[in-house]
Structure formats: structure tokens, C-alpha cells
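Residue strings, one per chain:
2 protein chains.
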Amino acid sequence: MMYGLILAGGSGSRLWPLSRELYPKQLINLQDKESLLQATFERIAKCIPEENIISMTGVKHLSNVKYQLSSLAKNTVVLSEPISKNTAPAIALAAKYVLDKYKVDPVILVVPSDHLISDNESFVKTVKEGEKIAEKGYIVTFGIKPTYPETGYGYINVTSESILDGVKVNQFVEKPNEELAKKYIADGNYYWNSGIFMFKASTLLEEVKKYSPEISKVLEEFDFSKSDEIPFTIYDKMPSISIDYAVMEKSDKIALIKFDGGWNDLGSWKSIYDVSEKDKDGNVKIGHVLDEGSKNSLMYSSSKLVATIGLENIVVVETEDAILACRADKTQDVKKVFETLKKQNDNTHLVHKTVYRPWGFYTVLAEGNGFLTKMIQVNPGQKLSVQSHNFRSEHWVVLEGTAKVVLEGKELILSPGHSIDIPLKAIHSLQNPYSENVKVIEVQKGNPLIEEDIIRYEDMYGRV
Amino acid sequence: MMYGLILAGGSGSRLWPLSRELYPKQLINLQDKESLLQATFERIAKCIPEENIISMTGVKHLSNVKYQLSSLAKNTVVLSEPISKNTAPAIALAAKYVLDKYKVDPVILVVPSDHLISDNESFVKTVKEGEKIAEKGYIVTFGIKPTYPETGYGYINVTSESILDGVKVNQFVEKPNEELAKKYIADGNYYWNSGIFMFKASTLLEEVKKYSPEISKVLEEFDFSKSDEIPFTIYDKMPSISIDYAVMEKSDKIALIKFDGGWNDLGSWKSIYDVSEKDKDGNVKIGHVLDEGSKNSLMYSSSKLVATIGLENIVVVETEDAILACRADKTQDVKKVFETLKKQNDNTHLVHKTVYRPWGFYTVLAEGNGFLTKMIQVNPGQKLSVQSHNFRSEHWVVLEGTAKVVLEGKELILSPGHSIDIPLKAIHSLQNPYSENVKVIEVQKGNPLIEEDIIRYEDMYGRV
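The listed protein sequences derive, respectively, from chains R and C. Here my numbering runs 676 ahead of the position in the first sequence, where the first position is 1. Here my numbering runs 676 ahead of the position in the second sequence, where the first position is 1.
If you're looking for bench data, these hints aren't it; they were derived computationally from the structure. These numbers come from a predicted model, not from an experiment. Please note: incorrect hints may appear among the correct ones.
A pair holds if it fits inside one copy or across any two, identical chains being indistinguishable in the list.
Mimicking EDC-like on lysine to aspartate or glutamate, the simulated pairs with C-alpha atoms at most 20 Å apart in a straight line are [to be verified]:
no.	residue 1	residue 2
1	K1101	E1127
2	K876	E727
3	K946	E988
4	K779	E905
5	K971	E953
6	K971	E988
7	K859	E811
8	K971	D1005
9	K1012	E988
10	K1029	E1043
11	K1012	D997
12	K859	D912
13	K1029	E996
14	K902	D950
15	K858	D1009
16	K1029	D997
17	K956	D795
18	K1012	E968
19	K1012	D957
20	K886	E854
21	K1019	E968
22	K926	E905
23	K956	E968
The shape of chain R in the complex, shown without the other chains:
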């Protein structure tokens, strides 16, 4: 019986402005269907029982990850890293978790949560082949046959020694320059490193102990048979290191299994363009787009009209609060813009104007001198926490649906057009006990008007 580990950390810098630090790539619905995280869960649930799937994410994304997975499986385990320490500590910790908690030593399949795999059947077949190799004590990595000299991926050089359906790895090599990448492709014995791994829990922990004993030392302080919690003070002692550096580049127990199932890491807008369907001019148009004579360009509109004229190899992305226009072969530099915004303390790298919450979402409509106006949507059956604010009063106007408001212990039912004042410090809650969405305009008045001005008394999502 296999176990699965979904790595759902991800900082969301490379698909900015669609992804944000607080709403990264794995959580986004790129094509109005499920998110990449949800697609990943469903994919591995084809070969692993749901209850054996563990997701690992950061505290910042915990409620969103839990919320997205809750629609797919009941009580799936989501572990929360109190601080990001790259992949090696997270993977080692998950292996320890399975051993401690379930008292078994199964093969664990590790998958990133933000990649695209178009052929799920081929994926399941490769996992089954990989499982047999992992059972023999190898760390198995999924290798992708390179199709062009990509300089943004790590490569894996293989030997000619077969291990069942796989092959023994000679060495992991870092991201090459273009010249080197071309040589790797001509050589024929190099594969792209997909970040998908399989191993027995005990194998991984032995190799970690051998090559990164500083991780093993911290691991000993955990006992998951008692609690799922990962205390900050302990986890912070972990080195910040990737599984490639910590183990894969050093171990001699690495095997590679070729995977040919339409893999793409969606690591840039260019790769989104590559995997999307194009029109006769080679353009990818998503949303409200009007074009005159552009070629080989990507136009993404989340709401407003995007008009393009005569562009060639350009990416244009429109979101509520930021616009990106970028040469297609420079989309890796989006990360630089993201970092600059972070340095400038410009919140545009951090959140969207629309912020998703377990109960629905809100959009900031207008901000001014001492006021803030939001539109709030509460999904059916959901409710905001019972809360109060020390520095602001609120005024709600119901737009759609029927809202239940509890104000200082008194229940009120409000229909569209009804409004209510929530005074400073009053204990209140906005709820939607019915089956249609509730939409409300909220006008906040006060100073400072910050999300942190909230005292929670009760919360159905455990945020008290």
C-alpha cells in the first residue's frame, strides 16, 4: 500500500500577477476548472488511497489548501510547515511522519502540486513500475526526455545499467547554460528532473542520515505518534536545502524511470503559452480579448477588456490590480518584478484585490481617507467568524441572497436592499445558512483599517 506526499509550498512568484505570495500557482484555477493542487490530488488518488495522501504546505496557505482539498476528500492530512526550509526537510519529515504515525514502511510517492501532467494513465503506469524499483531500496526519480535545450531545469545523467523498467543514475547536474544543455541533448543520456520521486520511507531516511545528518538530528526531536504539529522552534533548526542537494546528488541508490505523460512545470508564462491551444496566428487568448494582427502572443484577461495590436511574442496578463506586458522569452524575469515589489513593500506581490477565504471571498472596491469598501461573498452554508474590531465600524448592505447577521447576540435576517450598522467593538458575525450565495457591500470606517484589527471569538475553520 503506497503513500503519497503532495508538496504544496510554493511562493507564487513566477506566474505573477496571476499568482501571489498569498495565493500561489498551485491554488489558481488556470482554466476555470480545478486548481493544479486539486488536479494533482485527483491524479495520485488514482493509485493511492485518499487516506494515505499527505499534503505539506506553509502556514500562509494552510486554510486555502485545506479548503480546496475538502471538496475532494474528507479528512485528508494537511501538514503545515511553520517556516519554509526548501524540499529536503519537508520530504524527510513526511517520511518520518508515515513511519511514526502509521507504523508502516511503505513506498512514498512525492509530487509537486503545481505541475501539469496531461496523460494521467501514463502517470499511473509509471508509478506502478516505479513502485517495484523503490521496493528494491532505490530512490526513484521521474525523468523527462528533453525536447529542447531548456536552461531552467536540472538534468539527470543516466548509466546504461537497467533496474527493472528503470535505469541507474550516474549523476544529477545543475541547471546548465545553453551550450551545455545542447550537449546534454545530443548525448542522449540526459533527462529533465521533474521533481517527482518514489522511495521507501526507510531508504530515504537512511540516505538523509548518510548525506545530510544535520537533518536527521532535527528529525529525532519529532514524534508524530503523539501530535501532527510541527513546532517552529524545532523545525527552524533544519537547514534550508533542496532534496537534490541534500540527497540526490550524493546518493548512489538513485534510479530513473522515464516518464512520457505530457509533463510541464508551468514555471513561467512562456510555459503556460506552450501548453495552451493556439489560434491560427499562434495566439493564446483567455478571457475578454480583442486582437488586431498579433502573432505568437498570450493574452490573459481576468475581467477587463485587453486589446492588442500587432504584438509578436509578447505576454499580456490583466488582473484586478496589476497588468503585466512582457517579451515571451523574458518571462523568467517576472520573478525580478516580484522581488522588486517585495522590496518596495508594494502589496501587489502579496495579495490580489480579491482575497479568498474558507467562507468565500472579498474584493476591495475602493479605499480612501478613513474608509474602505469591499464586496463580500459568503458561500452557501458558510459563516465568517464571530468577531469584533477595535478601530473600525462597519456598514453592510445586502446585494444578493439572504444573510443571517448575529449582532451582540441578536439574530437578524437581511434580504437584498437591507442594511445594518456594526458599531465599533460590537461582537458580530455574517452567515449564509441558505443555498444561494450571499453578496454584501461592506463600508468600513475607522483608522487604521487593517485586516489585523480583528478579535475572533468563534470560528468554524479553526482560526480562533
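Use these hints to put chain C onto chain R, whose structure you have.
The following block gives chain C in isolation, referenced to the frame of chain R:
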């Protein structure tokens, strides 16, 4: 004593999405100062008494033109064409207006309202020289020495015969192709047609009679000594024809005076780029722009962050509801996008999300099933009309300033945080009698939610 005619028609297609059909180029504040219309008025007021300046615009723009000019001069004359018939009927009508109304036959200076002239001193000097030539019975046109083979302008070929400081015109020629434009420049006797003219009223009307008698025939039906009104049924009989076709290309009384005062017709985003100050990479950045390595590009943000990476010769314009990304040498095709939107009945060509009114402005924040949310700003001393609605109720929340609300004859004073319900059919008015801006959130509920659902009882701007 000269008279002035400001042509303030303009459909606003070429600087879309910043300009709109209902808020064209001449009304826009391009650099947070005055609009092009206001700058035009102030420029000609340097050589013409304010009371002799007439503006001609379409009914669609009448209230905005009046409003913008009201801050510069009291009781300036604004004539309103009930339908657009191009420049010849408008100019001939203005000449007739001056003769009828003021019983004088002065020199009239005709200027477009949406061009840029950087050197006002040189303009005044040229007008004074031009006046003398016009007094001698010539139609004087301001010619611009071409600096490159522009194919978007008409050219004027001159003879070697001097008339005071001007020169006699050989012929007006239409927009040339590039090859021809290059020949014109090499020839040295060709000038760009700036659209600025001077003539005695009687001279123009004689030439119109000679070369476009169908215009003169309709003119006879007007008598402006009695009324400033231009009835639709009469004006609609005018041919739709430009002054160039109707008179300038045919008359032998045309003189040209060279004008060298930093003229630009701002006819495209490319020309906005040309006249703007550039940074060391040749970029023009207006508003909230973050760039990584672009060159020779124009980035315009009206509110949201515009991030650009590696662009070359690209124009990116962000407005509240539409984004334009365009190759700099294709900005004339913006007109095509505008026309396509018009055909598709997409309102994005027509109005902004922010709509300016004589009393201030409103911005549509959110629309949904049976509701519409606006932010309304009422400028100091202004008030909305006394009105009622048959199909919607309204709810107002004051954000900033102190509002006076009159509801069914009752006066209320509302401070920030106060709210009020305006029931269906109730007669009401929102006013700002104080010296600070009033900002209000308005939530409309009803069906249909259209601007036309308004019955006006009283209006300080004459809109009843």
C-alpha cells in the same frame, strides 16, 4: 477685433482607451493639469477677448465642454451641433453666427481643440501676422514644416509668391503614401496642414458660396440674431464635408503662414510618445509603472500597477476597464479596435467606468444580479438634480465630507458613516453645500438599472 472659433467635436477614437466617444481627447487631462480644450482656450485668449471666443461641439459633449470652459471664463459661447457634419458646415455656420449676432465682419481664427502647441508666444506672433493677410481677403492656413515623411497628414504645396509674411498656396494635397511624402519633403515647398485657419467671415462665406453652394443654401435658413439654437431638421440638410474638400482645395485665395511653435496633433499614442519626456532607455512612464529592461516604449497607468519586461517599441495603456498593448508603429490601428467595439455594442468604446458630470463624477464599482454599486463624488458647492426613479431604490453611505440630502422635501445632514435609504419613486437630491469633497457609496437595487431611469424636477445645470 478678432473672433475665435474652437472646434470641440472630436470622437475620441484614436487615443482609446484613454479617450472615449463620450469623453474624447480634447476633454482629457493628459498630464494632470488642464485639458487640451482648456489649454486651447487659454492660448487663443492671449490674442482674442474671451467674449469673442466661440466653441462649437456636439450635443454629446456639450455639458462637459461648458463645464470645462466655465472654470476659465464666464458666459463663453458654446454652440451645439445637433449632428456631426464634419468641419465645413461648422466653420461656415460660425462665420454666419458672427455676422448675424454681432453685426461685424472680423477676422476669425479657427483652431482644433485637441492639438498640442508648446510655444504660445510664437503662436500669438503668427496669429498677428496671419490677421494682416486675412484682412487682405485671403484664407490663411498655418503650415508646419515637415520633419519626417508622415503619411497621416494632408500636405500643402506653396508657390514662391509672397503675401506679407505669408506665401500664396498652390494646392492642398491629400494624405500621401510614404514614397510621395518623401518627395514632398525633398521638394521643400510642402507643409503639413495643421487645421488652423484665419479668414474674414465674409471671405469664407463667399468662397463657400462659390465652391460649396449646397452649404450656403442651408446657411440662409439660419438667423442667429434671434436664437443661438441650431435646429436638427435644418442642420441635417448640410452635406457632411471637411473644410479642406469644400473650400481649401478649390479656392485660389489661400495663403500659408509658416508656424514653428511645437505643433503636434496628438493623433495617436505614437505622437503622445513623441512629445513626452523620455528616460535614458527612451521610455515614457506615466503613473504606477515598474519596468525591467524595456526600450523606446510608452507605459501609461491610470491606477493599477503596470509591469513591463523587455518590451521594445510597444505602447501599454491601462484604464479602469480596458487595457491596450500595441506596437508603437501600429497605433493608428487603435481606431480599428474602437470601431470593432462599436460594432459589437461593447460599451468600452463609449464611456469609462468613471463618468464625469457637471457636479463631480461617479465610478461603477460592482454590478450584479439586480444591483449596481457606485462611488459618487460631489464637488464643493455642487448638487445633483432633484430627481426620482421608477425602477430602483437607492442606499447611500457617506464616506467623506458632509452631505446634504433632501428626501421628499425633508433636509438631512449626513456625516461619514451615516447612511440613508431612498425608496422607489421618492423625490430626492444629493448636495454638497460645503467646501470639501463629498464621497458617497451608492447601492442601487432594482430592474432595469439604467441611467435613463431618472425623472428630473430641478437642475442647476439646465438638464431638466
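List of violated hint numbers, smallest to largest = Hints 7, 12, 14, 15, 17, 20, 22 not satisfied by this model.
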